[in-house]
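Enquirer: Spelled out from the first residue to the last, the chains are:
Number of protein chains: 2
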Amino acid sequence: MKLGGIEAGGTKMVCAIGDEQGKIFDRAVFPTETPESTVPKMIAYFQDKGIEALGIGCFGPVDLNKKSATYGYITSTPKLAWRFYDFAGAFREALKVPVGFDTDVNGAVLGEVRFGAAKGCENALYITIGTGVGVGAYINGRLLHGLMHPEGGHIFLRKHPEDTYEGCCPYHGACLEGLASGPAIQGRYGRKGAELAGREDVWELESYYIGQAVADYMLTYSPEKIILWGGVMHQEKVFDMVRQNAVEFLNGYLPETSLPKDMSQYVVAPALGENPGIIGAMCLGMDAYLMECGKNL
Amino acid sequence: MKLGGIEAGGTKMVCAIGDEQGKIFDRAVFPTETPESTVPKMIAYFQDKGIEALGIGCFGPVDLNKKSATYGYITSTPKLAWRFYDFAGAFREALKVPVGFDTDVNGAVLGEVRFGAAKGCENALYITIGTGVGVGAYINGRLLHGLMHPEGGHIFLRKHPEDTYEGCCPYHGACLEGLASGPAIQGRYGRKGAELAGREDVWELESYYIGQAVADYMLTYSPEKIILWGGVMHQEKVFDMVRQNAVEFLNGYLPETSLPKDMSQYVVAPALGENPGIIGAMCLGMDAYLMECGKNL
Ligand SMILES: Nc1ncnc2c1ncn2[C@@H]1O[C@H](COP(=O)(O)OP(=O)(O)O)[C@@H](O)[C@H]1O
Ligand SMILES: Nc1ncnc2c1ncn2[C@@H]1O[C@H](COP(=O)(O)OP(=O)(O)O)[C@@H](O)[C@H]1O
Ligand SMILES: [Zn+2]
Ligand SMILES: [Zn+2]
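Residue numbers (this note's numbering), protein chains in the order written: chain A, 515 to 811; chain B, 515 to 811.
Only chain A is shown next, with the shape it has when bound in the complex (with noise of 0.2 Å):
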């Protein structure tokens, strides 16, 4: 069965063709510039592809409330030119499929749940930390929207005692993303995260930030298996030391029987590379599939 899928970020598109395996066939990236630009070379790319549905993991906010006029669309971003944009009724018109519609790390942590880390889990996160802080999540055995949708990214946190930097988040100055960023490493130290890979203590801070919320997550979503990426993740010590400083935050008080046994197996790196979007997103097609079509199999 070929599907599509979109990877809708603030800075590109990535469009891609698959299956229902997991696999990808092809693949096309567009700048995002703005919905009468970019759009049509979307649909264009997709358009003699032979798929049968197609699935957007999407920047946010997006709404994802079935019942509400605005399902589909982008909302209240800060990128002007696509807000309010009914964005998956723009490809639901022009394509004639069905078409899954969920937030960009939403769809990630579907791809990691299908194929990738966190298979077979019922509960599991995908935490990326790049130019913001988003978390995706998947908890009994479907992805989180509820009110709205998660934005974990924004949680608060207790402060290092040695930390001085306000923070970088607009809303919340000090929250998760304005205190661990990577625009709130470049705001703390004036350099940019990559050119900082030999100074220890902006690491050892990182990872106090990340393990916290970690840690914090663990108490909160309980999850099987945490995945974390984003560019800020691609300095690969962080991992090792963002373990240590979540089981030092926890302190001993989750229980041994049911910490997990290897926290390297449970805070992991994705195990899809740099694809657990893409193909996340071809999971909200196929799944957007089934629900109109399945009757008909």
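Hints are computed from structural coordinates only; laboratory data are not their basis. Since no wrong hints were added, every one of them can be taken at face value.
If several chains are the same, the list does not tell them apart, and a pair holds so long as it fits within one copy or across any two.
Distance condition first, Cα-Cα at most 16 Å in a straight line; then the derived EDC-like pairs of lysine to aspartate or glutamate:
| id | residue 1 | residue 2 |
| --- | --- | --- |
| 1 | 581 | 636 |
| 2 | 593 | 547 |
| 3 | 580 | 738 |
| 4 | 581 | 738 |
| 5 | 610 | 562 |
| 6 | 580 | 636 |
| 7 | 580 | 806 |
Starting from the structure of chain A, add chain B with the ligands where the hints point.
Expert: What follows is chain B with the ligands alone, placed relative to chain A:
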């Protein structure tokens, strides 16, 4: 249909007989001593009442993993007499009926979802601020267990800049429970919460922490309803102050279209008064009955 329910707490065991409509016919309370002295009295209470199933909402930590050898046990509790006690097993063996088992707060949220303030919700939380802080989570139409069960009362928070209290959680110092539980109030001010009713600063600080936690839970769980209860919430004015603080912490981040229009209908007291826990326990019993006997209906 006659159902039994147990709300198993650290100081008392509430036992009740009711039905699948959330009605309570009879109730008895036993002090929590040891399994040897307390459990036989509870069994005797249920023995001749003709219940067809029993549900237990239990103080934690508990083992909820049905594949585990210690499923249904209380695990590493500081109450030594109850440590690794097979709570569910004792009742199943004595009463020979299906037994449902979960945490006390998961029981409470289930009661409120079926018959109370969160009726019809797919995603709801029950937060109790008392001797400890507990969070029950009903997510994607089911109680949340995951790796173990949520322990959302221990999340880490942004400290109020003028609060010098180091927190009373033996594991985390200044986690939510360490900063905002009843004992935290007593530790900070040297007097019990009930005696501090007139001290505005006390409740402002309290609401700062509970409101911050509510904002965190909105960002992570994206619930449709948040139910707040426990001894500390007997200070009724705190409800409105918590709502206000939650909105201030979010600071416009969640788009207006998806925020609850009326916070006073979103963060609420239980609709079942003092009974969400015991009614929820009977719901757990009902669910266990359907799981085990449903095929014969
Ligand atoms: N090797 C690296 N070490 C530390 N930080 C990095 C590295 N590479 C990229 N980053 C940071 O990650 C952020 C970009 O994250 P990324 O996940 O690649 O993109 P986006 O979040 O925009 O989709 C930037 O702030 C960048 O400085
Ligand atoms: N009216 C009140 N105002 C403030 N705090 C109170 C009040 N009543 C009880 N508390 C506090 O609540 C805690 C007990 O919580 P409760 O929910 O009643 O029991 P538990 O958590 O032990 O099941 C105690 O620390 C007590 O000081
Ligand atoms: Zn923020
Ligand atoms: Zn704690």
